[in-house]
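Participant: Put together the whole structure using the sequences plus the hints.
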Amino acid sequence: MKTKLRNIVADFPILQQQVNGKPLVYLDNGASSQKPQMVIDAITKYYSEINANIHRGVHTLSQKATDAYEDSRQKLQAHFNAKHSYEILFTKGTTDAINLVASSFTTLLNAGDEIIISHLEHHSNIVPWQMLCERTGAVLKVIPMDENGELLMKTYEDLLSDKTKIVAVNHVSNALGTINPIEEIITLAHQYNTAVLIDGAQATPHIKPDVQALNCDFYVCSAHKMCGPTGVGMLYGKEEWLNKLPPYQGGGEMIKEVSFEKTTYAELPHKFEAGTPNIAGGIVFGTAIDYMNTIGFDYIKQQEEMLLQYATEELLKIEGLQIIGTATQKASVISFNLKNIHPYDVGVIVDKLGVAVRTGHHCTQPIMSFYNIAGTVRASFMFYNTKNDVDVLVSAVKRAQIMLS
Amino acid sequence: MTIQEKQAEVVEDFDLFEDWMERYEYMISLGKTLPQIDENKKTTENIIKGCQSKVWLDAKLVDCKIIYTADSDAIITKGIIAILISVFNNQTPQEILNANLDFIDKIGLKEHLSPTRANGLVSMIKQIKMYALAYQTQLSK
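Going line by line, the protein sequences match chains L and W. The working numbering puts the first residue of the first sequence at 1, with every later residue one more than the last. The working numbering puts the first residue of the second sequence at 1, with every later residue one more than the last.
Zero decoy hints are in this set.
Cut-off 25 Å, straight-line C-alpha distance, at most; resulting in silico cross-link-like pairs (DSS-like, lysine-lysine): (1) L:Lys-339 x W:Lys-42; (2) W:Lys-106 x L:Lys-22; (3) L:Lys-398 x W:Lys-54; (4) W:Lys-32 x L:Lys-339; (5) W:Lys-32 x L:Lys-398.
Source of the hints: derived by calculation from the structure; they are not laboratory data. Just so we're clear, the structure is a prediction, and the values are computed from it rather than from any experiment.
Facilitator: Take a look at the structure:
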């Protein structure tokens, strides 16, 4: 196990550097993960060898690029176990994918219809739905949470009704790490024929979801949190839903025939992929997924659970340190605060000691309001982090506490 | 002392420190000397936008010179604003408006602060100058 870990760290060139004269300890994985050499090489390879626009040219390069892009789609299909590859759409990322669905739902909603989200959502899974409500007169309902950062499922059941048209919740909370009971959320919603969108941005770096087993209607995620490049993400949508929804953006690629009188739209998935996409990003998303599967999600789970447990125990030994978010089921994310010390001050000092953490409200202001705090310090771990990283974090936090008290 | 002289003094103080740790410890100690804003002035309007931590700034004109008071919920931020106030306090609006701010780079404040923090710094300076502009306008009427 130890040998495997050392090899894994060696896969990430960025982790070999020093920051502020200290070896980098990167614990801001929730914001973005680092990239292994295999992914970096794949980007270079794309631009060095096969760069061309896709789905258009008859020339060899264009066909190679198209094949690589579509191969990647199939890798995603296999990874998430979608029924069809055309149910996998490439987007700019999670935010873009949620906006696509929220925008396309405009024509399906009427005033008085209801949308359910949860108190644990990232702003990206709140604001697009609020905008949809403004456009349609639909009403936003929120599943409340408790002190541990767990959703109140009983209230959720009460919120559901025939008026509910879509439920959008995250699989894992970015701010607190809570793993939500999405199977139950989906099953309950389906009793009312309600569509369910799962925001998997914070789950997919840790968990391999099976969209057919979950039976969700939409599942969205970002490549850059899964060792892949920025600017590309995925929207999985069930065929029936994707057929029902109108296109999001108009342009090239998404059309069947265009005349000034009437345009007909292309089949799935192209109907939702207007314009030249992030071709390199799409292809290398597949490489990142290959890489993560080489590491293996069993190993990832085991390593991250160890890190979560160890870091939780060690951090709690610090007097005056409080962990925010104590759900029973958690991904490897720890939000915490030091008594009477602003999280921002902690972030600045630990950065000087080589430790990268996130501070602030984590784009989840409603959660911060719930706990009545300005923000938290968040350490988020990936499988390439080590026990030594935890030790460095803990000693940096102790040092910060002394300086700031 | 002129603004320029005060700035030179701050730069000299910071030159004494060998490493970032001492520099931050000094800033933290300066934060504790920050001229405190009245509690009733800690309003939403007096919050400076662009800082991850909250910063409240107020200013009044006494004998044609500006007296700044402030507070923040983060201690390092308090230190930064204390440095700024020590430079600008008790100067005329015109002097404040004319002041150049080389000293911020010289004491390594900008490079040693995270980008968001640096934005906060920019916002603080902007707000300090906004007050100077407002009082300058008032004086010239």
